[in-house]
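Engineer: With chain X fixed as given, assemble chain S onto it according to the hints.
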Amino acid sequence: MSTMTAQRQAGWTRRMGHGVIIVLASAFLGLFLLLPLAAVFVEAFRQGVQAYVASIGQPEALTAIRLTLLVAVIAVPLNLVFGVAAAWAMTRFAFRGKALLGAFIDLPFSVSPVISGLVYVLLFGAQGWFGPWLNAHGVKIIFAVPGLVLATIFITLPFVARELIPLMQAQGSEEEEAARVLGANGWQMFFRVTLPNIRWALLYGVLLCNARAMGEFGAVSVVSGHIRGLTTTMPLEVEMRYNEYDYVGAFAIASLLAMLALVTLAVKTFLEWRYSDEIAAHAPGGH
Amino acid sequence: MTMELSRLSRRFTDFAALDDVSLSIAPGEFLALLGPSGSGKTTLLRILAGLDYPDSGGVRKDGRDFLAAQARERHVGLVFQHYALFRHLTVRENIAFGLRIRPRRTRPSRAEIGDRVTRLLKRVQLDDHGDRYPSQLSGGQRQRVALARALAVEPDLLLLDEPFGALDAQVRVTLRRWLRELHDELRLTTVFVTHDQEEALELADRIAVMNRGRIEQVGSPEEIYQQPATPFVCEFIGKVNRLTLSENSGSLAAGEWILPDDPWDGRYRQGIAYVRPDQLRVAVPPPQPAWTARLRHVYLAGSVAHLDLHVASLDQAMEADVASEDLARLGLQPGVELRVAPRRAVLFPLDDDSGQPVARDRSTWRPPDNS
Chain X
1 MSTMTAQRQA
11 GWTRRMGHGV
21 IIVLASAFLG
31 LFLLLPLAAV
41 FVEAFRQGVQ
51 AYVASIGQPE
61 ALTAIRLTLL
71 VAVIAVPLNL
81 VFGVAAAWAM
91 TRFAFRGKAL
101 LGAFIDLPFS
111 VSPVISGLVY
121 VLLFGAQGWF
131 GPWLNAHGVK
141 IIFAVPGLVL
151 ATIFITLPFV
161 ARELIPLMQA
171 QGSEEEEAAR
181 VLGANGWQMF
191 FRVTLPNIRW
201 ALLYGVLLCN
211 ARAMGEFGAV
221 SVVSGHIRGL
231 TTTMPLEVEM
241 RYNEYDYVGA
251 FAIASLLAML
261 ALVTLAVKTF
271 LEWRYSDEIA
281 AHAPGGH
Chain S
1 MTMELSRLSR
11 RFTDFAALDD
21 VSLSIAPGEF
31 LALLGPSGSG
41 KTTLLRILAG
51 LDYPDSGGVR
61 KDGRDFLAAQ
71 ARERHVGLVF
81 QHYALFRHLT
91 VRENIAFGLR
101 IRPRRTRPSR
111 AEIGDRVTRL
121 LKRVQLDDHG
131 DRYPSQLSGG
141 QRQRVALARA
151 LAVEPDLLLL
161 DEPFGALDAQ
171 VRVTLRRWLR
181 ELHDELRLTT
191 VFVTHDQEEA
201 LELADRIAVM
211 NRGRIEQVGS
221 PEEIYQQPAT
231 PFVCEFIGKV
241 NRLTLSENSG
251 SLAAGEWILP
261 DDPWDGRYRQ
271 GIAYVRPDQL
281 RVAVPPPQPA
291 WTARLRHVYL
301 AGSVAHLDLH
311 VASLDQAMEA
321 DVASEDLARL
331 GLQPGVELRV
341 APRRAVLFPL
351 DDDSGQPVAR
361 DRSTWRPPDN
371 S
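Chains as they are written, first to last, in the numbering used here: chain X, 1 to 287; chain S, 1 to 371.
Certain hints may be false.
[What the hints assert, rightly or not] Partial list, derived from the structure: chain X residues whose beta carbon lies under 8 Å from chain S: (1) Ser110; (2) Glu174; (3) Glu175; (4) Arg180; (5) Leu182; (6) Asn185; (7) Pro196; (8) Lys268.
[Stated by the list, open to error] Across the chosen pairs, the derived CB separations fall in these ranges: (9) S/Gly165 to X/Phe95: 28 to 34 Å; (10) X/Phe95 to S/Ala301: 47 to 53 Å; (11) S/Thr364 to X/Phe95: 49 to 55 Å; (12) X/Asn135 to S/Ser135: 57 to 63 Å; (13) X/Leu34 to S/Ser135: 35 to 41 Å; (14) S/Ser135 to X/Phe109: 30 to 36 Å.
No lab work stands behind these hints: they were computed from the structure. Backbone N, C-alpha and C define an ideal beta-carbon position, used for all residues, glycine too.
Extracted from the complex, chain X is given alone in its bound form:
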């Protein structure tokens, strides 16, 4: 009898423990994530839907959106190609300096974005190493779109490669070798064997890369020069509007970025749920 009570007691205590932890985690999440997210939308719609639509419809807002899309459209495909090539090199070849390449791929993660931006100013700015030469040839990189693209490429460089390397490592190269012996040329091998095996991980990497490319602030802020209607991307436009006390305008743009984040999160969660074995470097199923 007493053991029964003790067991029930122990079970109750355990359930209590679980409950406390869950409530704590939820409260933390709510306070630091959901509340700010909700605040973005509340602030954006504070003066009604019309004010919201009008503030997004302003020409500077539209150029900021267009510019953000342009930067992403250039940076993401380039990093897709780079990511696949880097992952291929890292997992299929043995060469001198391989560990170094691996470290370099991670560099943008470990360097502060502001530094990343400054490096480009140092290289291509008016007083920079290549500044005079660029100036003489009429090429403008810093405080112009090319600078934004360069900084974004640098910041988002690791996303695709980091996603692919562990997966391609785990899958090994035997299927590719089998394709070659069966008569496939390099393109056939890549498009018929490699790509189908990495497609979901690649999509996942591109998604993360894109979210970062559109949302990056630090590095882009340094090279942008904040020329309204010319070099302000969406995150920069948010900051500028905020500094000008245009709260509805700032939060309206911010709400767009927040929606991008939510969509990314949803697709990412779906991919993780549906194709978990093809994304993470788990033991490949069909071995």
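Structural biologist: Just chain S, lined up with the frame of chain X:
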């Protein structure tokens, strides 16, 4: 289709995977590359498949330079140890892969490809598994899909890398017999890599035994088993008792067992003798020379019994095989003392200076009066 492999060498950073390997492969033969891991057998297979290249040496196929052709131009079928099936394709699509990727000129029509795949599925006994994915098949079934995929492109040469390595024992034996029958039917030149001597002895027309990047011996399974050319082959193939011979009052001997006629006419003072368990006689009548051995244990393995012996004068364990039905007749019970001596032995002299076996002076010993 004759293949001549001449003086192939391949070094990896810290070891020689192939060291001056020459070998010829006859049309239609079933050749086993047998050796422990790291002996270079898989490297040799990969070189034939075009997935690796030697540092020196050449391969000629019907007189033409085979290494100049890329993997995709070699008409070779390769079955990987872990099958390497395309996981995103069905069984039918896997088998059809090699045909579908051909350039339009040489690609069979869709219907022809379909027919060929159906025939191959029947051949590998997977008629109703065509629409499954590799992950839905058992190991033995995957192996057969890999074989069908390799056969679909009608190769001149079939290469199998440890074809049964990842299968459990029962499936392995069944698939082995089946593969042998398939080979007898197709007469396709086949080279397979294995570390399992039983597999090689059972399947192959010819075996090349490899060790540390070199070929130790090439021959029929009988030759390899009965006439091992080197100490390594003696020890790697089957079980064997190893005895040290040393000079004792003018002749070479291992304890009480004395060689009356020195096979090397006194050129060597030491040697080793290899005696297979089935070549060790138990219950040797006097006056023939024999060791006295204590029977420690009897392991009954069906029709054969393995005897675990200990020879006190050599302080050495030995193993002898006898027919199970002889156990009672010879009174073989643990604890009894037996007079044992070789019925046949393979001898190698040891070089006086280096102490290394001299394989070229190998000699086979039989008792002078084999009664």
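Engineer: Using the Cβ atoms, figure out if X/Phe95 sits within 47 to 53 Å of S/Ala301.
Structural biologist: holds, 52 Å
Engineer: A closest beta-carbon separation below 8 Å is what the hint needs, so does X/Ser110 meet it against chain S?
Structural biologist: violated, 31 Å
Engineer: Let's test the interface hint: is any C-beta of chain S closer than 8 Å to that of X/Leu182?
Structural biologist: Nearest chain S Cβ about 4 Å off; hint holds.
Engineer: Can we keep the X/Asn185 interface hint, with Cβ of chain S closer than 8 Å?
Structural biologist: holds, 7 Å
Engineer: Is the shortest C-beta separation between X/Pro196 and chain S less than 8 Å?
Structural biologist: Holds, about 4 Å.
Engineer: Would the stated hint for X/Lys268 survive a check requiring a Cβ distance to chain S of less than 8 Å?
Structural biologist: violated, 22 Å
Engineer: Go ahead and decide if the range 30 to 36 Å is satisfied by the Cβ distance of S/Ser135 to X/Phe109.
Structural biologist: Hint holds: Cβ distance 34 Å, inside 30 to 36 Å.
Engineer: With 49 to 55 Å as the target window, see if S/Thr364 and X/Phe95 comply at their CB atoms.
Structural biologist: Since the Cβ atoms of S/Thr364 and X/Phe95 sit about 52 Å apart, the hinted range of 49 to 55 Å holds.
Engineer: If you take the shortest Cβ to Cβ gap from X/Arg180 to chain S, is it below 8 Å?
Structural biologist: Since the shortest Cβ distance to chain S is 5 Å, the answer is holds.
Engineer: With chain S as the partner, please determine if X/Glu174 meets the hint condition of a C-beta pair closer than 8 Å.
Structural biologist: Given a least distance of 4 Å, the restraint on X/Glu174 holds.
Engineer: Taking the CB of X/Asn135 and the CB of S/Ser135, does the distance hold inside 57 to 63 Å?
Structural biologist: holds, 60 Å
Engineer: Kindly confirm whether 35 to 41 Å is satisfied by the beta carbon distance between X/Leu34 and S/Ser135.
Structural biologist: holds, 39 Å
Comparing the model with each earlier hint shows violations of hints 1 and 8; every other hint is respected.
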